[in-house]
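Colleague: One-letter residues, chain by chain:
There are 2 protein chains.
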Amino acid sequence: MDERSARRLRLQSKMKEAGIDVCVITQNVDLYYFIGSMQTGYLFIPAEGEPVYFVRRSFVRAREEADVAVEELGSMRGFGSRLAEAFPRQFRKRDGEKTVVAAEYDVLPVQLFQRLEGALPGARWVDGSMLIREIRMIKSAAEIIAIRESARVIDMAYEAALSALKEGMPEVGLMAVVESVIRHNGHMGLMRVRGYNQEIITGMIGAGAAAATPTYFDGPAGGEGLGPASPQSSGWRPIGTGEPILIDIGCCIGGYVIDQTRTAVIGELPDDLRQAYELSETVLRETEARLMPGTICEELYTAALEQVRAAGLSDHFMGFGADQVKFLGHGIGLEIDELPVLARGFRYALEPGMVIAIEPKFTFPGRGVVGIENTYAITETGFEKLTVSREGIAVVPRYGSRVVQQ
Amino acid sequence: MDERSARRLRLQSKMKEAGIDVCVITQNVDLYYFIGSMQTGYLFIPAEGEPVYFVRRSFVRAREEADVAVEELGSMRGFGSRLAEAFPRQFRKRDGEKTVVAAEYDVLPVQLFQRLEGALPGARWVDGSMLIREIRMIKSAAEIIAIRESARVIDMAYEAALSALKEGMPEVGLMAVVESVIRHNGHMGLMRVRGYNQEIITGMIGAGAAAATPTYFDGPAGGEGLGPASPQSSGWRPIGTGEPILIDIGCCIGGYVIDQTRTAVIGELPDDLRQAYELSETVLRETEARLMPGTICEELYTAALEQVRAAGLSDHFMGFGADQVKFLGHGIGLEIDELPVLARGFRYALEPGMVIAIEPKFTFPGRGVVGIENTYAITETGFEKLTVSREGIAVVPRYGSRVVQQ
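Those sequence lines, one after another, are chains A and B. Per the working numbering, residue 1 is the first one in the first sequence, and the count goes up by one each step. Per the working numbering, residue 1 is the first one in the second sequence, and the count goes up by one each step.
Some clues are possibly wrong.
Intra- or inter-copy, both count: the list cannot distinguish identical chains.
To be verified - When the alpha-carbon atoms are kept at most 25 Å apart in a straight line, the in silico SDA-like pairs for lysine to any residue are as follows: (1) K166 - G366; (2) K326 - F79; (3) K326 - V60; (4) K385 - A160; (5) K98 - Q114; (6) K166 - H184; (7) K98 - E117; (8) K98 - S129; (9) K326 - L116; (10) K326 - G78; (11) K326 - Q111; (12) K326 - M76; (13) K166 - R390; (14) K98 - Q111; (15) K326 - F59; (16) K326 - R56; (17) K385 - W236; (18) K166 - A142; (19) K93 - D127; (20) K93 - E298.
By construction, these hints were calculated from the structure, which means they are not laboratory data. As the structure is a computational prediction, the values presented were derived from the model and not from experiment.
In isolation and in its complexed conformation, chain A is listed as follows:
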């Protein structure tokens, strides 16, 4: 069976378990995952039977791309009765019994939801987002191949960044170097993120104090950004000597995202920051040692907390003070904020096919952020490290290969 049919069957089987009659999928990434097309429309997947993709635009393109039946959406008036015809088993219930319809409550805007509610007065609506996210959590071999390709490209960009890194250049200038490499290699221009209001372009290159500036962004390092209208990630701050340069970057090739972090310095890092960096590598190695099917996600997080506490760096771990985030890593695939999360409350046991970015980092307000991040696929016997960039602090000599003018 082809991969997308298998995904839809997994969804249908979960729907039956959960007592859901129909799933309506509207978000571009979820659409792509289930049918290979992200044109504007509604995908209806019944618990039993064949799905129908009702498309507003572009119908022509949806028919080329999608591997399910495609119909023109047309007017919302009468849409309810079209659905009843298309899915008689689901929508023709006995008196008083309602059709249970699930939607992606985590991303679906209220306006669109109310339009759907209006078209289906006989439905009882439930949140289907966890169900979809849990299916997407387990990657196929083909998905992992796609992430490997993103890993290869981001490594080229990392090396390009190191070769371009010069004292005094702004963070955003170094980011532009990274972006040029990945774009020429087919990066789509941003890393998709599911969370409301979250924006990620290429991650964050942050130098010294700027990297330690807290932000709304749901990650351990925020960044000063370009100003209050874009208050995160890289900004205008000139990169200085002897301060940590956090190079937290990723790209999205063929729809799949990679996420990695390295720490660089022009000249030399102060001893305590170097030691904190080394602790981040130690935490990563310890985490790797437990990275195998059966390990409970939250235990990876609590073990890391314990290690960091023993080293006396708890206050600096994954942000500082009130702005600390409470996780060690996150699933990644078509989006950067997938399941599982390595955090308290996530009781998933690791399974082959999970892909997780693990990112121990230490924040020093006024001084910077150090750390490392690799993306891993869980295998039958342990893990495959998908990230290929060399580890360790990347040291760029102060004057490098530049001719020093007198």
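Add chain B to chain A, keeping to what the hints say.
Modeller: Showing chain B alone in chain A's frame:
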């Protein structure tokens, strides 16, 4: 009075007219517009009295940025009673009377909405998105200055693209040139868009048939894109000789977006496409002639339709066949899809401070898209053209300045 206080007063006055007691604002761009900060949280603006910004993260940064009272959000349990204390006039109603609360239904995800509903059981919820979008429709002098700066930067990028344009290079390679210029000049990395599932990085550079490929994107030209996981905008297609190259690009500096289109060619365009391009300039000039306070938005669209019909190009205008879009232009500012829209049903009279991208384009399936797009500010007496790039078809000689190897 400072600008943001004035914006909030305009909102409060509209709220009173509409019978809304409280507005809760959650979207990053709306937050930035009203209080200068886009940290994660809820901004409550009462119809009368002072707003409070309840922030989850980063509280520290919100306090630096926002010009209203900032409080830590804390637990959602008890949030209702905190609100009742903060806004006694709004939340302590007589028996049976509900507090009318407006939210951004066009962007707010259902999950977050239901969390807010749960915290405020005594509220009657209404959609506040049009109200907010109508306030944002009228730009201040400072906002127009910001858009002028984006216009200056995108013009540099356009010239860089022309200088880099060579036969055989992929569309995405030319786009990478544009992106490098704008990023080095402070572009935030994407052009923000409000519409669900809509993604715009830098617009679209599309060559020949690729530009005419329809997509889900709500604009006249779609593009082949990089594949079904990113099925719009620039792709791998090599740019050829004698075909239209649509350079529809923008950037976002200091939060404000510009949007412009130019048509280029290596060698020469076929006569009919050249004539279609000339018609797009004619339509633009005719539209400019009506661009002044008092003109009704939809009349600009219907007048353009009439002009195009007279020239016999209706089938090609703003897309082709079923994939035609039904507008001539769109408001632009912090987001690319603002009010007003130049389309049927938009009865707004033009007002000083409106900023509109006007984009007559003609699509020829299998051959390409030609057209032009400028962004204009409406003034007391007419308009200011914010776009500064030179008009006309940009002709690049076939071999240009390259040394032809034997």
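Colleague: Does each hint fit the structure? Answer for all of them.
Modeller: Results of checking the hints against the structure:
1. K166 - G366: Classified as within: same-chain Cα gap 21 Å, cross-chain 47 Å, threshold 25 Å.
2. K326 - F79: For K326 and F79, the Cα distance is within 25 Å only across copies (22 Å; inside one copy 44 Å).
3. K326 - V60: between (45 Å within a copy, 18 Å between copies)
4. K385 - A160: within (21 Å within a copy, 39 Å between copies)
5. K98 - Q114: both (17 Å within a copy, 21 Å between copies)
6. K166 - H184: both (23 Å within a copy, 15 Å between copies)
7. K98 - E117: both (13 Å within a copy, 23 Å between copies)
8. K98 - S129: Close inside one copy (20 Å), not across copies (31 Å); limit 25 Å.
9. K326 - L116: between (36 Å within a copy, 23 Å between copies)
10. K326 - G78: between (47 Å within a copy, 23 Å between copies)
11. K326 - Q111: Answer is between; shortest inter-copy Cα gap is 21 Å, intra-copy 32 Å.
12. K326 - M76: between (43 Å within a copy, 18 Å between copies)
13. K166 - R390: Answer is within; shortest intra-copy Cα gap is 20 Å, inter-copy 35 Å.
14. K98 - Q111: both (22 Å within a copy, 21 Å between copies)
15. K326 - F59: Result: close only across copies, 16 Å inter versus 43 Å intra.
16. K326 - R56: So K326 and R56 pass the 25 Å test across copies only (14 Å; inside, 41 Å).
17. K385 - W236: neither (33 Å within a copy, 29 Å between copies)
18. K166 - A142: Neither: 39 Å inside a copy, 35 Å across copies.
19. K93 - D127: within (21 Å within a copy, 32 Å between copies)
20. K93 - E298: Neither: 42 Å inside a copy, 45 Å across copies.
The structure does not agree with the numbered hints 17, 18 and 20 stated previously, though it agrees with the rest.
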